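Novice: Sequence:
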Amino acid sequence: MSLSYLDSLNPIQKEAVLHTEGPLLIFAGAGSGKTRVLTYRVAQLIEQGIDPYHIIAITFTNKAAKEMCERISKITELGEQVWVSTFHSACTRILRRELSSLGYMKGFSIYDSGDSLRLIKDCIKEHNLSETNYNPRYVAQVISSQKNELITPALYEKKVAGSFRESNIAEIYATYQKRLLESNALDFDDIIFQTVELLKNNEEIKKKYQNRFRYVLVDEYQDTNHAQYTLVNLFAGYANNLCVVGDDDQSIYGWRGADIKNILQFEKDYPGTKIIKLEQNYRSTKTILGAANEIINNNELRAEKKLWTENPFGEPIRLYNAFDSRDEGAFVARIIQQGIREGANYSNFAVLYRTNAQSRGVEDQLVGAGIPYRIFGGVRFYEHMEIKDILAYLKAINNPSDVVSYLRIINVPKRGIGTASIEKIQTFASENSIPFYEALYRADSIPELGKKSKAVLEFSRLMSVFSQFAEENSIYDLISEIIRVTNYMTTIMDGTEAGKEREENIKELLAVAKTFDKTSEDGSLGKFLEDVALVADVDNYEENANAVTLMTLHSAKGLEFDTVFITGFEENLFPSQRAITAENNSQLEEERRLCYVGFTRAKRVLYVIHAQMRQRFDMMMRNQPSRFLKEVPTQYYKYVTSYGKEKDFKPSESAKSVTQPAKRNTQQVSSTMPDITKPAPPRPTPKNKTLDYKIGDKVNSPKHGNGEVVAIQPAGADYEISVEFEKGRKKFMSSLANLIKL
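The sequence shown: position 467 = 467 (the numbering used here), numbered continuously.
The hints are simulated quantities; they were obtained by calculation from the structure and are not laboratory data.
Everything numeric in this text was worked out from a predicted model, so none of it was measured.
Any given hint could turn out to be false.
What the hints assert, rightly or not - Computed beta-carbon distance windows for the label pairs:
| # | residue 1 | residue 2 | range |
| --- | --- | --- | --- |
| 1 | Pro702 | Glu631 | 45 to 55 Å |
| 2 | Leu462 | Glu47 | 50 to 60 Å |
| 3 | Thr690 | Ala161 | 39 to 49 Å |
| 4 | Lys451 | Ser130 | 27 to 37 Å |
| 5 | Gln81 | Arg334 | 15 to 25 Å |
| 6 | Arg96 | Glu383 | 55 to 65 Å |
| 7 | Glu724 | Gly523 | 57 to 67 Å |
| 8 | Ala545 | Val485 | 29 to 39 Å |
| 9 | Arg118 | Val485 | 42 to 52 Å |
| 10 | Gln141 | Gln426 | 18 to 28 Å |
| 11 | Glu501 | Gly418 | 20 to 30 Å |
| 12 | Lys638 | Pro372 | 50 to 60 Å |
To be verified - Within a straight-line C-alpha distance of at most 20 Å, the following computed DMTMM-like cross-link-like pairs (lysine to aspartate or glutamate) qualify:
| # | residue 1 | residue 2 |
| --- | --- | --- |
| 13 | Lys178 | Glu203 |
| 14 | Lys388 | Asp248 |
| 15 | Lys518 | Glu458 |
| 16 | Lys125 | Glu171 |
| 17 | Lys286 | Glu300 |
| 18 | Lys527 | Glu508 |
| 19 | Lys106 | Glu438 |
| 20 | Lys730 | Glu197 |
Positions of the beta carbon are idealized from the N, C-alpha and C atoms, including for glycine.
Please model the entire structure based on the sequences and the hints provided.
Specialist: Here is the structure:
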């Protein structure tokens, strides 16, 4: 590395880059240039004569991995030889080479949450258990958490011995893993879980990769769960040259298994660790950074550090006390319009919120004002029905043992092969100990099928044709052929706006395939399916797209914007009611870390908005401003009017959080707001009835398309479900709704 690169670093950054041997812990505060440090550190290792073959750098997103790889390659010609990838991509790469040791075959499928759920439902049915008593989503969560803790079905069975219900779930878990193996498939958690099992139980393979990975670098170490933590330790092996980078103050994924203790106790795991703290922030103003520091200092579980910056003090944080969510959205729209008139771009602005359901109020006002925006954190592109259909065809072609994919497409488009026929095929396959796909080819040997055997045989012939076509053609041509031969487009184009959107999604998938064909060194179908299975929503984020960004605070970590709005800054929303009422402070401290992350996304201007009342769960709620606001000294902020002008105003300290519907103010409340002056008496909660979805989940209705569950109310023997669709809100009784979680 030339001296000019080192000269661009501050002394602490340079110290981190030049450290070579032994364990290194880098506490990298928000906006402290950690990506540059990681990039230069890898390049410096190569410049010191270390073979790039022996270096692996692990990140949490494909986007970050791609950027790091490109930066390293610009510094040194050997940069492309470094293994830079996400945890899941690295493990998938290993499994492609070594999975036969675990009983799997080449071309395995990677199941997303929807595929896994379908298989779990089949396992529950196989054990003659009811989905009412064993909610498939709950069972899926239990299995996922066990895998993240590296607990096998056998260990889980011992763990829950004596509990009738949990023992049944242990049996479902065991059957589920057996069915995955039979389908030559892994679920998302399996990718790391099985890699750890492989390395732990095969000494030869473990030494092979420990010998290769002599220098291990891990980004965002504060977000690792137990399985990832164990994997890193296995990679590091005897060389002990492990460098982890992270910020415990930005550990915000405890709810999905991340353990902040992994970074806080790193020094105990690796005695002799050198600790370096990157505390100079290059992103935010002194005001924004000062307020963020004041908030995070209230956490007890954290390493001692304090961010500082040479940036100017900048403008005070602007607080707006909105009347309701509609006023909140209107304020955001007005400020953005003012910014555009003054020469800003729409991409300069981001609106962050605690829950996905909060986006609606802002969206309505942005649409009304003609402001372009894009939402992240909603339904992923690859989770749309039409995309999953085409991918199921590709998965079945690539992996004939993939029963879940076959079951999805066997009657898509309609072929007259219904549930009864499928059950007869499955029974025949089971009785003859043959795979499901083989039973399809022997449909004429299943007398129970009757005339339906012709349709089944035609489908099996079609899949054979597609498999042969795939061997000699590109991914783009294969998808095009599937669409053409099956006449798939006629099933999704119904003349509605939703139909047009489905058509556009298919065109986008074709565009993705064309790009893959042109750019991928390994143009195989298996590699294409691997890439789309591991893509994350944030990987598609484009900084220069001229639109306002809307996303949850969790999704915003790692990003930065000139101007940030944090909406819904209220008790029981942010922090959440669950965190406030938790038995210990761990959840509340994580909410505070989330607030710290939100503040430090802003480079120049930060708006924090709290509403006097907000409709939640079909009730109008009055909440106090967030307790985090009281942790910010008044010198850092100013209240502003509805047009952003400063004013002398503080919210009433006497306002109390209430759980009863608010009295209606006819002079201020919109005419579209429901009448809440006479709340109905509470209705009894249904007994022995569970739902597959919860508030905030994305669902599909056969009649109305995709939407989001915004309210669930007890209704005696059933639940009343409110769903926000593109064309408005609809209410259903759950037993009649036929809603499917996406």
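Novice: Against each hint, give a clear statement of whether it holds in the structure.
Specialist: Checked hints:
1. Pro702 x Glu631: 45 to 55 Å: holds (48 Å)
2. Leu462 x Glu47: 50 to 60 Å: Because 56 Å falls inside the window, the suggested range holds.
3. Thr690 x Ala161: 39 to 49 Å: Since the Cβ atoms of Thr690 and Ala161 sit about 25 Å apart, the hinted range of 39 to 49 Å is violated.
4. Lys451 x Ser130: 27 to 37 Å: Holds - the Cβ-Cβ distance for Lys451 and Ser130, about 34 Å, lies within 27 to 37 Å.
5. Gln81 x Arg334: 15 to 25 Å: violated (52 Å)
6. Arg96 x Glu383: 55 to 65 Å: Violated: the Cβ-Cβ distance is about 24 Å, outside 55 to 65 Å.
7. Glu724 x Gly523: 57 to 67 Å: Taking Cβ atoms as reference, Glu724 and Gly523 lie about 41 Å apart, which means the hint is violated.
8. Ala545 x Val485: 29 to 39 Å: holds (36 Å)
9. Arg118 x Val485: 42 to 52 Å: violated (25 Å)
10. Gln141 x Gln426: 18 to 28 Å: Since the Cβ atoms of Gln141 and Gln426 sit about 27 Å apart, the hinted range of 18 to 28 Å holds.
11. Glu501 x Gly418: 20 to 30 Å: holds (28 Å)
12. Lys638 x Pro372: 50 to 60 Å: violated (29 Å)
13. Lys178 x Glu203: violated (24 Å)
14. Lys388 x Asp248: Violated, at about 37 Å.
15. Lys518 x Glu458: violated (33 Å)
16. Lys125 x Glu171: Status holds; Cα separation ~12 Å.
17. Lys286 x Glu300: Distance of about 23 Å is beyond 20 Å: violated.
18. Lys527 x Glu508: holds (18 Å)
19. Lys106 x Glu438: holds (18 Å)
20. Lys730 x Glu197: violated (47 Å)
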